[in-house]
Amino acid sequence: MGKVIAPALLGTGVPWGALYGNIVDQTDLANLLGLGGGGAAWDNGVPDGGNVIFNGTLQVGERPVGMHWTQFTSSYGGSEGGPVQPTDTLRVNSFRVYGSYKLYWSHTEPAANGVYDWTEWDKAEAFFARGNVDYVQVNLFGVPAGYRTQPENPNTGGWSMQLPSSQAALNNYLTALFNRYPRLKMVEVANEVWTDNQGIAYGVYWVPSVVAPAPDGEASLFTLMNWVLDWKAAYNTANPGRNVKVQAPSTPGTHWHVGYLLQVWDRYQALYGRLAEFDSFAVHCYGTDFTNLHNYQGTGLPEYKDGLVARGLGGKELRDGERGFPGNTEVTPARAYNTVVRTLLAGGSGCDFFYYGSPGTDETNLGQPGPLTNATLRQWGYEHAAELKGKVITRVTEGAGSGVHAGKWRVEGYTP
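Taking our numbering, the leading residue of the sequence shown gets 476, the next gets one more, and so forth.
Please note that a few of the clues may not be correct.
Unchecked claim - Quick list of in silico lysine-lysine cross-link-like pairs, PhoX-like style, CA-CA up to 20 angstroms:
#1 720 to 660
#2 598 to 660
#3 720 to 864
#4 660 to 864
#5 577 to 598
What the hints assert, rightly or not - Ranges of calculated distance between the beta carbons of each label pair, as one might list FRET restraints:
#6 641 to 731: 34 to 40 angstroms
#7 594 to 744: 22 to 28 angstroms
#8 585 to 790: 23 to 29 angstroms
#9 654 to 525: 50 to 56 angstroms
#10 720 to 524: 35 to 41 angstroms
#11 731 to 708: 29 to 35 angstroms
#12 849 to 787: 40 to 46 angstroms
#13 834 to 524: 29 to 35 angstroms
#14 650 to 537: 31 to 37 angstroms
#15 564 to 694: 41 to 47 angstroms
#16 772 to 744: 33 to 39 angstroms
#17 537 to 787: 22 to 28 angstroms
Hints in this document: simulated from the structure, not taken from any laboratory. All residues carry an ideal CB built from backbone N, CA and C; glycine is no exception.
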């Protein structure tokens, strides 16, 4: 998450801890303003159009731009948007492994016996290395048949998650996976466990699903959350310096879902007192872009931010964990780029775009043709935004660019 300092509050005597958003101390403040060594001036190459969108200081984190493939490795050239060639490269900051063909837990440990097949993961590792993607987040999904406590939901199959029968099996899988691939940095407990607007808490990606009363699904989810937190603590103790992180279960991006989710987190906190042990929280902001994603009663992003701040968790990462544009609409480099910047300004750490290779006809639209085949969109939209990694942004204005920069905001600041 970017650390934001409101210029109007500087020098007013307002305590640092009272600043809204991600809190910084006085040492951080000096460094961010260049008083602790400064940095090289930087801008994104877009001419200044004059109209100011942001003035202040915002530290961008390590992954402003993430990406998905819903299918991967064995689907080279496949219709589900796998890499076209084994030598393909995508230069973004991170990758969220969810719904990725052959990277399911059930494909990696098919016999549920502690024997792992790393063939497809090794292909993915080679892809990440080619693009210097050094931050990979793995979602828990696709429990091997031998560990299932519930039948898989027929609507989602291996894309769903449930409480496995063995905590030791989960620990062993995660330990083996993270030991083999050091670029794995985060575990997401489960995907979109709340997907119904009619008061049913658990949707198709969590089992037991809508066929079970909410408290039953809630209890097993809470157990899984505790198991993953326990694993993180043990793993980081055994591997000093590794600092593996955990993201709480994600939710679709509407203010209704976020409002319900915060109630669930309150129940979890009352029972276990462990909410602060999560490093990251995610909402999925489909159907919007830089013009409206920051508005209330829309994506739920500002409501989630407010809810975390109110619970003393304003310093935690808040992520747009799945991002697509409305189907059959044009996606230009400017639309992709500006949406990343708006997310950062709204308090998010960045966007995980879903999914590379989308046909563009639904909410997963990333362009028609998409970045898989549109090199200009890939380079000057998604990859250009990835260059924001680690920068300190001090000013954003409407741009006056043309060509690949037409409509794109100008961003300036410095490299610490």
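Fill in: Ascending list of hint numbers which this structure does not respect
The structure conflicts with hints 7, 8, 14 and 16, although it agrees with all the remaining ones.
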